[in-house]
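Note that the protein sequences, when read in sequence, are chains A and B.
Position 7 of the first sequence, counting from 1, maps to 7 under our numbering, and the rest follow consecutively.
Position 90 of the second sequence, counting from 1, maps to 90 under our numbering, and the rest follow consecutively.
To be clear, the hints were calculated from the coordinates, so they are not data collected in a lab.
These numbers come from a predicted model, not from an experiment.
It is possible that part of the hints are untrue.
Claimed, not checked - Taking lysine to aspartate or glutamate pairs in the EDC-like style, the calculated list, with each CA pair at most 20 Å apart, reads: (1) A:244 - A:225; (2) B:130 - A:225; (3) A:227 - B:133; (4) A:244 - B:133; (5) B:98 - B:168.
To be verified - In silico contact screen, one side only, chain B against chain A (beta carbon under 7 Å); selected entries: (6) 56; (7) 130; (8) 137; (9) 139; (10) 225; (11) 235; (12) 247; (13) 250.
Idealized CB from N, CA, C, for every residue including glycine.
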Amino acid sequence: MKRLWSILICLSLIFTMVLTGCASQTPQAPAAQEEGNDANKEFRGEITFNGSSTLAPVISAIATEFIEENTTWDKVDSNFPDKNISIYVSAGGSGAGVKAVLERTTDFGMLAREIKDEEKEKIGDVNEFRLGVDALTISINPENPLAQIRDNLTKEEVKKIFAGEYKYWDELDSSLPHREIVVVIRDLSGGAHEVFQNSIMGDTQIRADAIQSPSMGALVTKIIENKDAIGYASFGMVNQNKGKLIPLKVDGVEPTEENIVNGSYKISRPLIVVKRGELTAPQKTFMDAIMSERGAEIIEEMGFVPVR
Amino acid sequence: MRIGFDKAFIILIKVLTLFSLLLLSFIIIFVFKEGYIFFKEVPILKFITGTTWNPLSDPRNLSIFNIILATLYVSLVAIIIALPIGVGSALLLSGYVKERPRLIIRGLIDIIAGIPSVIFGFIGLMVLVKFFEKFFDFPSGESVLAGGILLAVMVLPYIISTCDETMDKLYRKHSPAAQAMGISKIYILRTIVLPQSLRGIVAATVLAFGRAMGETMAVMMVIGNAPIMPRLLGKCQTIPSLIALEMGMAEVGSLHYHALFAAGFVLMVILLMINVALYYVKRSLNR
Numbered sequence: 001m002k003r004l005w006s007i008l009i010c011l012s013l014i015f016t017m018v019l020t021g022c023a024s025q026t027p028q029a030p031a032a033q034e035e036g037n038d039a040n041k042e043f044r045g046e047i048t049f050n051g052s053s054t055l056a057p058v059i060s061a062i063a064t065e066f067i068e069e070n071t072t073w074d075k076v077d078s079n080f081p082d083k084n085i086s087i088y089v090s091a092g093g094s095g096a097g098v099k100a101v102l103e104r105t106t107d108f109g110m111l112a113r114e115i116k117d118e119e120k121e122k123i124g125d126v127n128e129f130r131l132g133v134d135a136l137t138i139s140i141n142p143e144n145p146l147a148q149i150r151d152n153l154t155k156e157e158v159k160k161i162f163a164g165e166y167k168y169w170d171e172l173d174s175s176l177p178h179r180e181i182v183v184v185i186r187d188l189s190g191g192a193h194e195v196f197q198n199s200i201m202g203d204t205q206i207r208a209d210a211i212q213s214p215s216m217g218a219l220v221t222k223i224i225e226n227k228d229a230i231g232y233a234s235f236g237m238v239n240q241n242k243g244k245l246i247p248l249k250v251d252g253v254e255p256t257e258e259n260i261v262n263g264s265y266k267i268s269r270p271l272i273v274v275k276r277g278e279l280t281a282p283q284k285t286f287m288d289a290i291m292s293e294r295g296a297e298i299i300e301e302m303g304f305v306p307v308r
Numbered sequence: 001m002r003i004g005f006d007k008a009f010i011i012l013i014k015v016l017t018l019f020s021l022l023l024l025s026f027i028i029i030f031v032f033k034e035g036y037i038f039f040k041e042v043p044i045l046k047f048i049t050g051t052t053w054n055p056l057s058d059p060r061n062l063s064i065f066n067i068i069l070a071t072l073y074v075s076l077v078a079i080i081i082a083l084p085i086g087v088g089s090a091l092l093l094s095g096y097v098k099e100r101p102r103l104i105i106r107g108l109i110d111i112i113a114g115i116p117s118v119i120f121g122f123i124g125l126m127v128l129v130k131f132f133e134k135f136f137d138f139p140s141g142e143s144v145l146a147g148g149i150l151l152a153v154m155v156l157p158y159i160i161s162t163c164d165e166t167m168d169k170l171y172r173k174h175s176p177a178a179q180a181m182g183i184s185k186i187y188i189l190r191t192i193v194l195p196q197s198l199r200g201i202v203a204a205t206v207l208a209f210g211r212a213m214g215e216t217m218a219v220m221m222v223i224g225n226a227p228i229m230p231r232l233l234g235k236c237q238t239i240p241s242l243i244a245l246e247m248g249m250a251e252v253g254s255l256h257y258h259a260l261f262a263a264g265f266v267l268m269v270i271l272l273m274i275n276v277a278l279y280y281v282k283r284s285l286n287r
């Protein structure tokens with residue numbers, strides 16, 4: 001009997017725990033909303049970022065430095081009160097960033113794509129900050145004989161290689177050896193792949209047996225290690241591994257910093273931070289830190305091309 | 001006073017046990033809850049029998065048959081490689097090695113279990129995958145076999161220590177009698193210790209299988225992560241690698257996000273079934 005009771009009590013406890021778990025999720029949103037509304041009334045030492053997981057580590061890095069340097073707001077600017085600086089960065093994808101700005105659950109939204117016109121309309125008073133560009137280069141191993149005979153691929157050829165229409169290197173150019181092309185990509189649902197899909201593949205599916213690397217580092221390592229490999233290495237990674245892998249021109253346009261920033265090199269996407277309405281004073285000081293020379297350096301360290 | 005203290009202590013340990021039970025139930029319920037949203041949209045049968053996983057295509061194809069198969073395949077290859085090595089080492093350790101060196105060797109083997117899996121993955125990527133590419137002239141060395149070999153090394157300590165425990169007990173029990181009768185060591189090991197430790201070996205296998213199925217990082221780095229039908233020398237993708245690879249990017253609350261939870265739920269169910277099977281196998285062997 002006693003045993004039965006204890007089991008019953010256990011079960012009911014578990015059950016109540018579960019129920020409370022379900023309930024606590026909902027009220028969070030309105031609370032955060034109120035905070036957003038209060039932002040303009042009095043000094044708030046908190047800044048929140050939400051959105052693209054590409055941009056999140058960059059903002060986090062800049063924020064960490066900013067906090068370590070200053071700790072409290074009064075050290076940034078003597079007009080500010082003696083409050084701790086807290087900057088929260090959360091990643092959930094570019095779409096989530098826009099949504100959070102719309103719902104006023106975050107101060108800034110981070111986007112790793114252009115902001116759509118309809119989104120601009122919905123938000124209304126949009127403040128847009130362009131931090132940099134994320135570009136992908138079509139890279140091959142230096143030992144690949146392709147590197148000797150050509151330094152350029154047309155968009156059509158890149159598409160056919162990644163779609164699996166060209167299975168062997170000699171199908172691309174008859175002077176190349178009959179060896180299988182090893183296509184290396186990032187995970188299909190990730191931001192880097194999205195850029196590539198949009199700018200090169202369009203509606204064409206990538207070949208199913210392409211190697212999905214868990215990180216850009218692994219992708220680059222694969223290209224360096226395997227002489228039949230081709231993949232889209234990020235511009236920053238190519239610069240860090242100069243000579244170990246060779247970026248090709250696409251449609252005759254070389255992936256240089258200049259071409260990437262002016263937009264003639266197409267396999268790229270902008271890194272944007274958006275804010276609804278005017279910035280408060282502390283928000284502005286942090287934004288200045290992001291746009292500063294040191295901020296640009298951090299952006300570059302993370303493998304992106306900063307807009308200077 | 002004393003009685004009161006004892007009672008308080010009993011209550012404390014009860015609460016702590018309850019807490020760990022709650023934790024388990026919370027995890028299961030959370031994963032099921034997130035996965036359930038997906039199962040409402042896509043029938044579960046289609047999810048586990050369909051073969052295409054493409055979260056970007058329109059309409060989305062989110063089915064994980066290939067991925068489930070690959071998860072089992074890689075683990076199976078690992079067990080096939082690790083089991084003979086593990087059982088052999090355990091026999092040697094319990095029969096031929098003296099107490100002190102045995103403990104030292106056991107300790108060293110256990111260190112393998114403590115090496116972080118990323119390091120295994122890194123070695124796999126730089127050595128194993130490269131080895132396949134260089135000496136077997138594979139276009140790319142990422143394969144089920146590479147994952148299996150790597151996992152075999154990783155689960156070896158689990159097999160050895162579980163087997164060794166059973167075998168050592170058996171050997172100690174029978175060796176005085178056997179020695180008195182002048183029977184050779186190898187004969188005892190072969191005819192008494194090995195057959196009687198079958199239970200331990202089965203337990204070790206299941207434990208290792210569960211470990212292998214759940215292993216994420218190391219496997220992810222050497223299997224190529226292509227959600228295609230797995231072949232021994234071809235690329236594949238396992239459930240943990242799928243989740244680890246895509247969870248960071250899946251938009252929170254999207255169908256894709258819930259599909260990943262659903263995949264995790266399927267993995268949990270498979271592991272649960274294996275453990276239940278283990279329980280019955282153990283019981284039947286007990287008789």
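For each hint, the structure was consulted:
1. Restraint check for residue 244 of chain A and residue 225 of chain A: satisfied, since their Cα atoms lie roughly 9 Å apart, inside the 20 Å limit.
2. At most 20 Å may separate the alpha-carbon atoms for a hinted pair to count; residue 130 of chain B and residue 225 of chain A meet this at roughly 7 Å.
3. In summary, the hint linking residue 227 of chain A to residue 133 of chain B is supported, as the alpha carbons are separated by about 10 Å, within the 20 Å threshold.
4. For a cut-off of 20 Å, the pair hint linking residue 244 of chain A to residue 133 of chain B stands: about 18 Å separates their Cα positions.
5. Of the pairs offered as hints, the one joining residue 98 of chain B and residue 168 of chain B holds, with about 11 Å between alpha carbons and a cut-off of 20 Å not exceeded.
6. With a least beta-carbon distance of about 6 Å to chain A, the hint placing residue 56 of chain B at the interface is held under the 7 Å criterion.
7. For residue 130 of chain B, the shortest C-beta to C-beta distance to chain A is roughly 6 Å, which falls under 7 Å, so the interface hint holds.
8. Violation of the interface hint for residue 137 of chain B is found here, the shortest Cβ-Cβ separation to chain A being roughly 9 Å, above the 7 Å cut-off.
9. For the restraint placing residue 139 of chain B at the interface with chain A, the shortest Cβ-Cβ distance is roughly 4 Å, inside the 7 Å limit, so the hint holds.
10. Given hint, residue 225 of chain B at the interface with chain A, holds; its Cβ is 4 Å from that chain's nearest Cβ, closer than 7 Å.
11. Here the hint on residue 235 of chain B is kept, as its CB sits about 6 Å from the closest CB of chain A, short of 7 Å.
12. With its C-beta approaching chain A no nearer than about 9 Å, residue 247 of chain B sits outside the 7 Å limit, and its interface hint is violated.
13. Because the closest C-beta pair between residue 250 of chain B and chain A is about 6 Å apart, less than 7 Å, the hint holds.
When held up to the earlier numbered hints, the structure conflicts with 8 and 12 and fits the remainder.
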